[in-house]
Amino acid sequence: MNILQGFETGLATALTWHALMYCFIGVTIGTFVGVLPGIGALAAISLALPLTYYLDPTDALIMLAGIFYGAQYGGSTASILLNLPGTATAAITCLDGYPLAQQGKAPLAIFVTAINSFVGSSIAIVLVMGFAPAIAEFALEFGAEDYFSVMLLGLVAASTLTIGSPMKALSMVVFGLLLGMVGTDVNTGQFRFTFGLFELADGFSIVAVAMGLFGVAEIISNIRQPQGVIQKVGRIRMKDMMPERGEWRQIVRPTLRGSAIGSFVGALPGTGPGIASLMAYATEKRISKTPDRFGKGALEGISAPEAANNASVQSAFIPMLSLGIPGDAIVAVLMGAMILHGITPGPNLINSEPQMFWGLIMSFWVGNLMLLVLNIPLIGLWVKLLSVPYNLLYPGILVFICVGVFSADNNVFDIFVVLGFGVLGYLMRRFGFPATPVLLGFILGPLLEENFRRAMLLSRGDASVFFTSPISAVFMGLSLIFLGSVFLPGLRQRLLRRAPVEMNEDDD
Amino acid sequence: MASSPAFSFRPGPYLPGVVVILTGAAVAAGALNYPLGSVLRPGPGFFPLGLSVLLMVMGLGVLIEARATARAAPADTPEEPFHWGALIGTVVSILAFGLSVERIGFIPATLLLFAICAVFEGGRDWRRLALAALFIAGLGTAVFIWGLGLPLSAFGGA
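Which chain is which? The protein sequence lines are L and G, in order. Just so you know, we're using my numbering here: the first sequence kicks off at 3 and counts up by one. Just so you know, we're using my numbering here: the second sequence kicks off at 19 and counts up by one.
Hints were generated in silico from the structure; no laboratory data involved. It should be emphasised that the depicted structure is a prediction, and the values quoted were computed from it without experimental measurement. We put the CB at the ideal spot given by N, CA and C, even for glycine. Keep in mind that the hints are not guaranteed to be accurate.
In silico contact screen, one side only, chain G against chain L (beta carbon under 7 Å); selected entries [what the hints assert, rightly or not]:
(1) 58
(2) 79
(3) 80
(4) 83
(5) 102
(6) 128
(7) 129
(8) 152
(9) 164
(10) 167
Quick partial rundown of chain L residues pointing at chain G, CB under 8 Å, derived from the structure [stated by the list, open to error]:
(11) 176
(12) 181
(13) 240
(14) 244
(15) 418
(16) 433
(17) 454
(18) 462
(19) 473
(20) 476
(21) 482
(22) 485
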């Protein structure tokens, strides 16, 4: 199937009334949770996941993906008006967005971030359309050892390219892999680490693990946070939103650079939008002729990171759709959703499920257009939402989390699992252990083990196969470089320029 | 309980690394109960055992890192407060919901969860909180019980 046929199939799928409806629901929920500080897209997706059991898998994915990229649009609104990021990935937007609001330019900042988000997404979607099928075709030749190595690379990249301690991140990957071992061993039927609990025979529920580590943990750490002061914006008029000619000129290049950085970073397995927006901001600041304007309301300082984080969430679909490797925690949950629907993401997806593959990609266009409408003319609605106090909000979210995990399996046991992981997640946050690697490890664990065993069987127990198969050797080499960067601090410094602000990488 | 943390929780800088190592050791002990298999045919214990050893090594790395930072910056950095109230309130409210929802029904369990959160929060705005609780209870009933047909009842045991 060539790309043009793909377009056609995709449009036919994405433009059915039910796909449009679920896409709309998805991007609306996404904007909603994006605007509200204290609930991330991940919690919303995990919450919506059980609801999608009743849907056609393509519609389900379109909706879940909509939540994901929709949240990236909404996230900047709170950053600009409250100086509190609506999603962790919009943290960097606070630096220049809030000063702009203080200068009375909030409408302009909101307009610019929406447009930048749209441009960033569009560029990345084009790249997804070009690269995902090509990489998938290449990956069809992968053997078990190659799969093992590429997954390993994803996990190593995810934990070494974080902002905090790489040692802590690596230990969390291993911990996540071990969590994935809980349940029945597929090869032998042996129960592992079930502690005699019948409920654990199928392992931990992905919904419960994700909602605990991200949803509940986030609520616990937000309850006592002081609420920001909303910048008064009054009625936002279209006239105030439109940038002037000089301002347009100011944002064009940063937007394009941000999109390029975001697309590249997002497509790497294991790196999320948080790093993308950080790198985009750092780049703009470094190449700017007037770096001291940054932090005082520079338009470049909001346009580059916003373009970058949206580009990265779209291009994160490249490794997921072509290799079956999630780039970050949210894509990992989306991948879990596909597996729950009986579809294994990987190089075969594009051939076996062309209607799902292209339908999803074309729905990105539809969804981004809807988001433009939701975030420019209807922005007033979302601003009102920011005035709802958190203490009225979070008990409701807790109720929905409990019922959401219950509905996955109609079992109260999962409510206690979510609670356990919530407490664990809070403690992890408190001591600087990132949660994203746990989730990536948890989802990739069983796949990693299966491919390891298969590779060993096929190579008659010769572990050197991971280094003698050329494809695998390349991935292994890259993993070693990433690992080496942890132990050689100078190299790490060069790869990842020092972060301008502390930020939490967890909830992207 | 509501406002100020009554006592501060100051674990040593080495606690996280020690916990990681102990977790690895516990998993290794568990993994030894399962057949290890051979290199040609790794058994169900092979992968977990390997990972648990790796986890212990990582824990050692975390310890070494903690030592390096403790030396570089003496422990006078202000500690972020540990939110005991928030933690305990959330735990108790979710526990209460999980234990009661199948016995007293979805709506009473929801109200109970809100009430517990409010107690720990030291909430003053009872009227708005009650409205929010009723709204969520109603919405949840409509979506999950009538819409999706979950085996829960709005009131009373399932």
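Each hint tested on the structure:
The restraint placing residue 58(G) at the interface with chain L holds, with a minimum CB-CB distance near 4 Å, inside the 7 Å limit. With a least beta-carbon distance of about 4 Å to chain L, the hint placing residue 79(G) at the interface is held under the 7 Å criterion. A cut of 7 Å between beta carbons decides the hint on residue 80(G): the least distance to chain L is about 5 Å, and the hint holds. Interface restraint check: residue 83(G) against chain L, minimum CB-CB distance 5 Å, threshold 7 Å, status holds.
With a least beta-carbon distance of about 10 Å to chain L, the hint placing residue 102(G) at the interface is violated under the 7 Å criterion. Against a cut-off of 7 Å between C-beta atoms, the interface hint on residue 128(G) holds, since the closest Cβ of chain L lies about 5 Å away. Interface restraint check for residue 129(G): the shortest CB-CB distance to chain L comes to about 10 Å, outside 7 Å, so the restraint is violated. Here the hint on residue 152(G) is broken, as its CB sits about 11 Å from the closest CB of chain L, past 7 Å.
Against a cut-off of 7 Å between C-beta atoms, the interface hint on residue 164(G) is violated, since the closest Cβ of chain L lies about 13 Å away. The criterion of a C-beta within 7 Å of any C-beta in chain L is not met by residue 167(G), whose closest approach is roughly 10 Å, and the hint is violated. Interface hint status for residue 176(L): upheld, as the beta-carbon distance to the closest one in chain G is roughly 5 Å, under 8 Å. The beta carbon of residue 181(L) comes no nearer than 10 Å to any beta carbon in chain G, farther than 8 Å, and the hint placing it at the interface is violated.
A cut of 8 Å between beta carbons decides the hint on residue 240(L): the least distance to chain G is about 33 Å, and the hint is violated. Residue-level restraint check for residue 244(L) is violated (minimum Cβ-Cβ distance to chain G is 38 Å; threshold 8 Å). Checking residue 418(L) against chain G by beta carbon gives a least distance of about 6 Å; that is within 8 Å, so the hint holds. Residue-level restraint check for residue 433(L) holds (minimum Cβ-Cβ distance to chain G is 5 Å; threshold 8 Å).
For residue 454(L), the shortest C-beta to C-beta distance to chain G is roughly 7 Å, which falls under 8 Å, so the interface hint holds. This hint holds: residue 462(L) has a C-beta 6 Å from the nearest C-beta of chain G, less than the 8 Å allowed. At its closest, the beta carbon of residue 473(L) sits 22 Å from a beta carbon of chain G; the interface hint therefore is violated under the 8 Å criterion. Annotation: residue 476(L) was flagged as interfacial toward chain G, and the flag is violated, the nearest CB pair being 23 Å apart, outside 8 Å.
The closest approach between the C-beta of residue 482(L) and any C-beta of chain G is roughly 15 Å, which is over the 8 Å cut-off, so the hint fails. Hint status for residue 485(L): violated, given a least beta-carbon distance of 11 Å to chain G, over 8 Å.
The structure is inconsistent with the numbered hints 5, 7, 8, 9, 10, 12, 13, 14, 19, 20, 21 and 22, although it conforms to all the rest.
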